[in-house]
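Peer 1: Position chain B relative to chain A; hints supplied.
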Amino acid sequence: MSTVFHVDIVSAEESIYSGPAEFLVAPAEAGEVGIYPHHTPMLTRIKPGSVRIKAPLQEEELIYVSGGMLEIQPDVVTILADTAVRGANLDEAKATEAKKRAEEAMRDRTSSIDYARAQAELAESIAQLATIQKFRKRGH
Amino acid sequence: MAGSREVRNKIKSVKNTQKITRAMEMVAASKMRKAQERMKKARPYGEKIRNVAAHMSRANTEYRHPFLIERDTVKRIGIVVVTSDKGLCGGLNTNVLRMALGKMKAWEGEGEQIEVCCIGNKGLGFMNRLGANVASHVIGLGDSPDLEKLIGSVKVMLDGYTQDRFDRVYIFYTRFINTMKQEPVMEQLLPLSDERLRSGEGPKGQKGSWDYIYEPEAKPVIDDIMVRYVEALIYQALTENMASEQSARMVAMKAASDNAGSVIDELTLIYNKSRQAAITKELSEIVGGAAAV
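Here the protein sequences line up with chains A and B, keeping their order.
So in the numbering used here the end of the first sequence lands on 140, straight run, no missing numbers.
So in the numbering used here the end of the second sequence lands on 1293, straight run, no missing numbers.
Everything labelled a hint here was simulated from the structure, so no lab data went into it.
Even glycine gets a Cβ: it sits at the ideal position worked out from N, Cα and C.
A few of these clues could be false.
Label-pair distances were calculated between CB atoms; the ranges are [to be verified]:
hint : chain 1 : residue 1 : chain 2 : residue 2 : range
1    : B       : Arg1165   : A       : Gln58     : 29 to 35 Å
2    : B       : Glu1110   : A       : Ser50     : 14 to 20 Å
3    : B       : Val1185   : A       : Ser50     : 35 to 41 Å
4    : B       : Glu1187   : A       : His6      : 26 to 32 Å
5    : B       : Thr1073   : A       : Pro74     : 40 to 46 Å
6    : B       : Ser1274   : A       : Arg136    : 52 to 58 Å
7    : B       : Arg1175   : A       : Ser50     : 33 to 39 Å
8    : B       : Ser1030   : A       : Gln58     : 35 to 41 Å
9    : A       : Ala130    : B       : Gly1109   : 31 to 37 Å
Looking at chain A on its own, in the form it has when it is part of the complex:
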């Protein structure tokens, strides 16, 4: 029976911690949980807070996580940390914002097409003018 388990703390953007541990404390949603080896498989959300890891023959280490998920298996503990501050309302707000942005873009589409066409016409006429000027210079 091993007295250590493997801990991985990863976020979508990078791997934060990976190594063996004897004991770990994490801020689960329902309250802090302390984990020793051979814990029952468990899956829970964690709140923003610090994760305390006691690696063998080392000082305890504190790692801050801004929420995420905690997965426990008898010999592996994985913390999937969030990089962004999450919350149902916050996500909802972001989604509405994104939707609004898309709708606005849809509405502006005609005007942006006009703008692009005007720009193209402008470029064309500038080129024409430049050519005319060149011709004039040559003529005189």
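Peer 2: Below, chain B alone, put in the same frame as chain A:
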């Protein structure tokens, strides 16, 4: 000597262009390294969350998340198109957009409705010109993409799926194979295919029925995991796309610099020839004049 002056000006302008392309090549090379690192860093999260999702899909039988349920009829399709924000990167965006366009036409031919989520400026411009139905978009992600910026637009698509606005969601992006090779790919995002989940390793030494303890409840926890899993998939696609973009740009700029070099060589040859011709003409005139005296 009017001709030779024009040639000289042309040489100068090509040299200036070459300076720019060479600088861009170098910038792209350094950004590529960072983008590749970012891509590698994003991998562990993707693998871990896939394992968790795989365990979950096998373990929990009382609640099956809608993302896992295959639908019989496919009427409406959502697609996520990942492109770069900036151009000058060879055929990168063109290739992925051509693939998307081909698929869209095929689906439309089968009478399916399509909504698009554009990640990256180039794709958005293309879809707008096409007159496609753009449900959401993210642009201006910069060199270091934040997951935070993606959340809103991705949620629009995920909600669309859970609320039956889509029956299927696909993602198009450019997969990074190596510096010289990138290829456009289409992957099914939703419903999550069993294949994808099965490729995750099974629980060590444990077979059969075992389940997690869910705290506080199974449903919200599973919902969260699934949303994060799909987000992680999209984020990974984005980081791959960015690594592809930088390496494609580096290669394109290298080719441009090389081409500029050969153009300069050719122009220099023309310039020297015309100068030599002018000198010869002058000489023969002088000789002719002297002979006449």
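Peer 1: Are the hints correct? Go through all of them and say.
Peer 2: Results of checking the hints against the structure:
A beta carbon spacing of about 51 Å between arginine 1165 (chain B) and glutamine 58 (chain A) contradicts the range 29 to 35 Å that was offered as a hint. One distance hint, 14 to 20 Å for the beta-carbon pair glutamate 1110 (chain B) and serine 50 (chain A), is violated here, with the actual separation near 53 Å. Taking 35 to 41 Å as the suggested C-beta distance range, the pair valine 1185 (chain B) and serine 50 (chain A) conforms, at roughly 40 Å. Roughly 30 Å separates the CB atoms of glutamate 1187 (chain B) and histidine 6 (chain A), a value that falls within the hinted 26 to 32 Å.
Range check, threonine 1073 (chain B) to proline 74 (chain A): about 43 Å between beta-carbon atoms, so the 40 to 46 Å window is met. Take serine 1274 (chain B) and arginine 136 (chain A): their Cβ atoms lie about 26 Å apart, and the range 52 to 58 Å is violated. A C-beta distance of roughly 37 Å is found between arginine 1175 (chain B) and serine 50 (chain A), which places it inside the suggested range of 33 to 39 Å. A C-beta distance of roughly 37 Å is found between serine 1030 (chain B) and glutamine 58 (chain A), which places it inside the suggested range of 35 to 41 Å.
For alanine 130 (chain A) and glycine 1109 (chain B), the hinted distance range of 31 to 37 Å is not satisfied, since their beta carbons lie about 46 Å from each other.
Hints 1, 2, 6 and 9 from the list above are not met by this structure, while the remaining hints are.
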